[in-house]
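4 protein chains.
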Amino acid sequence: MKTYPIQEMKNVKIHGRTKMGPDFLPLFWNNAGVEVNCTGGELWIDLEVDSAFYEAWIATELNGAFMSRQMLHPGTCSICLYRSMTPGPVKNVKFYRELQAMGNMERTILLVKGFRTDGEFLPVEEKPYRLEFVGDSITSGEGSYGATEDTEWLSMYMSSSRNYANIIGKKLNADIRIISQGGFGVLTGWDNNPNTNIPSIYDPICGPAIGDFNEVLGAQEINDFEAWKPHVIIVNLGTNDASAFRQPAFTDPVTGETFQQRMNPDGSYVKEDLERFTDAVKAFLAQLRKRNPDSYIVWVYGMLGYDLSVPIAGAVADYRRETGDNRVDYITLPNTEVDAYGAHMHPGYASHVAAAKVLTRYLAERLGC
Amino acid sequence: MKTYPIQEMKNVKIHGRTKMGPDFLPLFWNNAGVEVNCTGGELWIDLEVDSAFYEAWIATELNGAFMSRQMLHPGTCSICLYRSMTPGPVKNVKFYRELQAMGNMERTILLVKGFRTDGEFLPVEEKPYRLEFVGDSITSGEGSYGATEDTEWLSMYMSSSRNYANIIGKKLNADIRIISQGGFGVLTGWDNNPNTNIPSIYDPICGPAIGDFNEVLGAQEINDFEAWKPHVIIVNLGTNDASAFRQPAFTDPVTGETFQQRMNPDGSYVKEDLERFTDAVKAFLAQLRKRNPDSYIVWVYGMLGYDLSVPIAGAVADYRRETGDNRVDYITLPNTEVDAYGAHMHPGYASHVAAAKVLTRYLAERLGC
Amino acid sequence: MKTYPIQEMKNVKIHGRTKMGPDFLPLFWNNAGVEVNCTGGELWIDLEVDSAFYEAWIATELNGAFMSRQMLHPGTCSICLYRSMTPGPVKNVKFYRELQAMGNMERTILLVKGFRTDGEFLPVEEKPYRLEFVGDSITSGEGSYGATEDTEWLSMYMSSSRNYANIIGKKLNADIRIISQGGFGVLTGWDNNPNTNIPSIYDPICGPAIGDFNEVLGAQEINDFEAWKPHVIIVNLGTNDASAFRQPAFTDPVTGETFQQRMNPDGSYVKEDLERFTDAVKAFLAQLRKRNPDSYIVWVYGMLGYDLSVPIAGAVADYRRETGDNRVDYITLPNTEVDAYGAHMHPGYASHVAAAKVLTRYLAERLGC
Amino acid sequence: MKTYPIQEMKNVKIHGRTKMGPDFLPLFWNNAGVEVNCTGGELWIDLEVDSAFYEAWIATELNGAFMSRQMLHPGTCSICLYRSMTPGPVKNVKFYRELQAMGNMERTILLVKGFRTDGEFLPVEEKPYRLEFVGDSITSGEGSYGATEDTEWLSMYMSSSRNYANIIGKKLNADIRIISQGGFGVLTGWDNNPNTNIPSIYDPICGPAIGDFNEVLGAQEINDFEAWKPHVIIVNLGTNDASAFRQPAFTDPVTGETFQQRMNPDGSYVKEDLERFTDAVKAFLAQLRKRNPDSYIVWVYGMLGYDLSVPIAGAVADYRRETGDNRVDYITLPNTEVDAYGAHMHPGYASHVAAAKVLTRYLAERLGC
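Residue numbers (this note's numbering), protein chains in the order written: chain A, 1 to 369; chain B, 1 to 369; chain C, 1 to 369; chain D, 1 to 369.
There may be inaccurate statements among the hints.
[What the hints assert, rightly or not] According to the in silico footprint, chain B covers these stretches of chain A (three or more CB under 8 Å from chain B):
{"#": "1", "stretch": "307-320"}
{"#": "2", "stretch": "328-336"}
{"#": "3", "stretch": "358-369"}
Don't read these hints as lab results, they were simulated from the structure. These figures come from a predicted structure and were not determined experimentally. Glycine included, every Cβ here is placed at the ideal spot set by N, Cα and C.
Could you put together the complete structure from these sequences and hints?
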């Protein structure tokens with residue numbers, strides 16, 4: 001078998017925002033990965049991994065079919081993607097990250113170093129459509145694996161393999177990217193933390209991936225938005241902003257400042273708090289538009305309840321009116337059925353399938369396919 | 001068998017807005033009907049019917065299960081609801097109109113005169129929930145019967161038996177009412193006719209049922225909104241308003257005046273035209289609120305496309321902001337899948353089932369059941 | 001409108017075994033009916049009906065889609081099959097019997113007298129495949145309509161419209177015939193009555209239709225097996241034979257003779273009783289073969305339990321060995337799921353759909369389609 | 001973390017036929033595995049693996065939910081079953097073999113050496129029912145993973161995780177065992193090899209696991225049938241015997257002897273060849289009965305076609321008649337739908353789900369649950 005360093009490979013298709021390193025390719029995001037067409041009878045991928053509490057999980061596909069899913073441990077390792085196959089015919093293999101991008105005090109780093117095979121690599125086609133999914137834990141696939149009684153916040157429950165984004169990509173023959181962080185909102189996180197919002201991490205290659213090493217990897221550099229222009233951006237946010245209204249105030253551990261989205265005694269939202277949320281929605285649309293002038297944007301919502309449906313949609317409408325930018329839309333996705341929850345009261349696989357069905361129909365019409 | 005004149009019956013449950021006549025009960029709307037618990041071995045219903053081009057269609061249920069569906073012809077007639085059953089045990093029977101309320105130049109009148117049975121009638125329970133569905137041809141069940149290649153506008157293709165409203169009522173154990181007119185919108189009909197809008201017909205018992213005879217029946221009297229207060233009003237409108245933007249101007253045949261909702265050359269909606277649509281949405285919400293101060297209102301949209309999703313939702317948001325009335329909501333329903341169309345490019349039964357699933361989940365949470 | 005007497009019509013497709021009378025066409029069996037391609041704007045069918053306890057039920061289809069279902073009463077009547085349609089284009093209409101053939105002391109007679117239309121009739125195509133279904137109450141569609149708590153034995157609960165035979169015919173684009181009688185077995189009825197067996201009624205046009213009037217109609221004449229040769233005969237029998245083993249002996253009300261299929265104390269079947277059952281299976285296969293030398297025969301079983309699966313299949317195997325006739329087969333159908341029962345503890349519509357799926361797959365492979 | 005050698009563990013539930021070694025537990029069969037209830041925050045399993053062409057594949061479950069699936073390589077290794085969980089609460093973990101037992105010239109050996117954890121192990125409950133599945137490649141889950149265009153015979157395409165046996169076990173809350181070999185039949189293998197038959201390998205712990213090392217592991221010792229008595233044995237065989245009739249003769253590479261199941265020119269089976277097949281069915285039933293005097297036996301067939309349905313069922317009937325042993329049954333399972341094939345023209349996951357549905361209904365009634 002011959003070793004192919006990733007940085008020298010011409011025929012590798014890279015999924016997800018990233019930046020090639022001198023001798024590695026970081027996989028930051030959920031569903032970030034590498035895809036090859038290999039003629040070899042055997043194929044291995046060489047990795048370098050670092051993690052502590054939140055270990056990396058990955059999945060592999062062979063010819064488009066899910067084949068394996070496993071936890072990775074810190075250190076270098078090689079994963080056999082297939083072996084004992086007939087040399088010659090092309091095998092399409094995708095290796096991708098199951099775990100969302102990790103930030104904060106934790107780091108979960110997954111670097112592709114290269115491949116080893118007895119064959120060679122042929123070009124991998126670009127799909128006719130590109131879809132970018134921006135979201136929270138739902139889009140991180142939290143709960144798409146795991147028993148309904150499991151309630152811890154752990155790597156293994158997240159996935160892109162059973163994720164609605166992945167299902168849609170396969171159905172529409174589209175390349176997909178996922179930008180998601182569990183607990184994050186448009187304005188605040190689920191706990192009123194005003195820092196855990198997606199807009200603040202959208203522009204860099206991988207905003208949440210902080211720390212010295214991630215900086216070396218280029219995570220904090222502004223993403224090259226010219227290089228991969230999505231036909232449609234699907235924003236699935238608001239679920240944690242809705243949660244915030246029901247949570248106590250968040251106190252910043254450093255500054256001591258507090259932040260809270262408040263409800264009135266009658267259960268309605270406090271006017272100015274709701275407005276800063278809807279302002280955040282509009283601002284995020286403007287930010288997305290600035291970065292993606294050609295993309296259609298659809299905000300989707302509802303897989304875990306419809307609390308903020310009207311405020312979000314109203315903000316989308318206001319954005320349209322104020323900017324004249326009509327290439328933004330709003331639909332709701334089916335709420336998770338009572339028997340379709342996965343781990344941690346998040347949408348289970350059946351719920352991802354149901355959401356994918358509705359959204360596939362929407363996108364097919366939008367894309368004209 | 002003994003004859004029970006409808007106006008003398010104590011134990012009959014009346015479905016749908018109507019007004020008891022001296023010796024008849026008019027069934028104006030889709031799903032309007034009469035329900036009895038009968039101990040007889042045999043049960044007939046006596047009817048008086050009038051129609052011309054658009055004949056009346058009705059359906060019957062026995063113990064909650066669909067049993068028959070047929071066309072009725074002008075004149076008096078009796079329909080056997082069951083026979084040859086064991087006298088004594090209670091049989092629950094519902095007789096209801098499949099065809100929407102009919103107006104304009106046509107009249108399709110269906111009057112219940114009474115029942116005949118060898119048994120007696122026992123009280124029929126009220127369901128714990130009441131749901132009012134307000135809509136257009138989708139809610140009139142157009143296309144829920146008929147082959148996909150059938151494209152004429154005829155009575156037989158409409159139904160409440162295969163209607164999402166009916167499916168939801170059964171799943172949630174709720175009494176339902178339907179107020180719907182094919183081709184109608186919030187502001188205009190599908191063809192830019194500014195008169196075929198639902199708000200203008202919502203207040204009377206049966207607004208579209210015009211003409212001398214319908215007036216005698218009481219159709220144009222203001223409905224008694226105190227008598228039946230829905231827990232939730234589901235408004236499924238906007239599909240025809242969206243259509244109008246793509247149609248030529250409507251010319252009033254009497255006044256010669258024209259009306260048109262216009263698109264800009266770039267496919268966006270002309271600002272003032274869109275505003276009069278969103279104004280109509282807000283005005284209709286205010287009208288519904290005035291008539292139904294205690295009801296929750298949810299606007300649903302999307303079974304035939306999402307064109308006006310953002311404007312409608314924006315109007316709902318504006319209505320909330322302007323009135324402080326937060327008991328209005330907005331969600332989208334799954335667009336009809338390509339293989340789920342029924343007759344006349346309308347949602348087929350499978351599409352009604354899919355919409356009912358999403359909306360049942362929503363309503364169950366709203367109703368706390 | 002012009003009247004078309006049935007006996008003079010060239011362009012009518014007749015479904016089901018029957019014999020044209022001087023001025024009527026009897027519809028004996030479940031799914032027996034007439035199908036026309038009519039260019040008129042309006043179409044009526046003229047009928048003559050007789051019944052007492054068990055009234056006739058019928059259904060209609062327009063362009064292949066179910067449209068109506070209703071009870072008929074004794075006397076002459078006309079049913080409007082459609083009206084208000086655009087004259088000119090062809091409308092395909094099927095009018096068919098929902099109720100199984102009725103015999104014994106009851107008679108339920110349904111005669112087609114002709115049609116009336118303002119258009120004309122064009123030829124109706126023969127389907128590429130012909131399927132004959134021979135069975136008991138399952139194949140009579142008993143319980144395919146009605147609530148699960150309904151347990152009376154009544155006409156209205158039977159159907160061909162929601163019958164697996166009908167579903168299969170549509171899926172495979174096949175013409176179908178049904179020969180079925182509720183309560184009947186291969187050897188005995190459900191109550192050990194040795195006379196209520198399907199073999200004894202298979203050869204005539206409509207064996208169960210006894211009595212003077214049915215005789216006049218030709219019901220007891222031997223069917224013309226040359227005129228309609230099924231590609232496959234599906235025999236769905238054995239459920240009532242299984243029941244008999246659990247029932248007390250039957251006493252013939254006329255002769256006083258008794259008959260009983262017996263179980264041993266350990267729950268196994270008494271050897272000679274089981275043998276006369278399996279002998280009856282083999283004899284019926286021989287009878288079917290004699291009448292249908294070219295047809296493939298598949299015995300299906302299991303929609304209401306698998307008690308006699310092995311004895312039936314063993315008899316099919318013995319028949320093959322003893323005759324060298326290998327064009328007989330055996331498969332089981334899915335047992336009715338606990339939540340899929342219809343009325344009278346019989347398969348509901350969902351169970352018919354499930355059985356149809358398995359059998360359609362089987363027949364498609366058999367027919368090479 | 002403390003190491004728990006497998007041979008010293010009291011609270012480990014062993015799945016599948018095996019024999020504890022001095023310091024290892026071999027996992028021979030598909031779905032063979034170990035299950036623990038662990039209080040630790042972290043749990044690892046220590047393994048020793050040997051393989052060449054056909055590598056071992058395994059899967060893990062956490063609290064009954066599928067979590068991971070991966071290829072193993074020769075040597076010793078540790079797999080982390082979970083980590084970062086809250087110490088204290090019980091986590092139920094199952095580690096099991098995806099790959100069927102391997103024999104012939106290949107060996108694929110998977111030995112559990114023990115566990116490591118920071119917690120302790122509590123007892124694992126026995127399920128109320130025990131089911132044994134005996135079969136061929138279908139029951140080895142071949143094709144339950146992999147793309148439909150994949151046609152090589154490789155480890156990765158087999159599974160118990162997406163296997164109907166596994167689905168049924170979960171639905172019925174039953175412990176299951178699988179005894180299966182791809183390509184094997186009752187009399188011959190798919191290629192007329194008379195040695196690749198299941199009866200010849202049924203009695204030992206793991207008949208196909210030949211060779212010196214497997215002998216040391218105890219694979220060829222007679223299984224302890226007293227230790228685990230299945231309530232029901234499901235035999236899913238005959239598919240390869242059917243194939244043999246369409247294949248050329250098999251020539252034994254050692255003796256030069258040939259063997260062939262032959263068809264007559266008319267497509268029927270040669271009488272004596274069919275008889276040796278049905279004799280083999282009967283003999284296998286007798287063998288199963290001898291080893292499992294208390295078990296109910298049901299032969300199932302059809303997921304890849306019904307060619308031998310009648311001969312198999314006839315043999316079951318003959319076996320009943322000849323032995324008086326009526327506790328054997330026969331049903332067919334749904335043939336794989338055209339769109340439900342997995343890899344290598346074998347049943348895909350959707351087909352396993354469909355078969356499991358029918359068989360679950362059967363077994364639930366049989367078990368009275």
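Find the hints from earlier in the document that the structure breaks and name them by number, from lowest to highest. none
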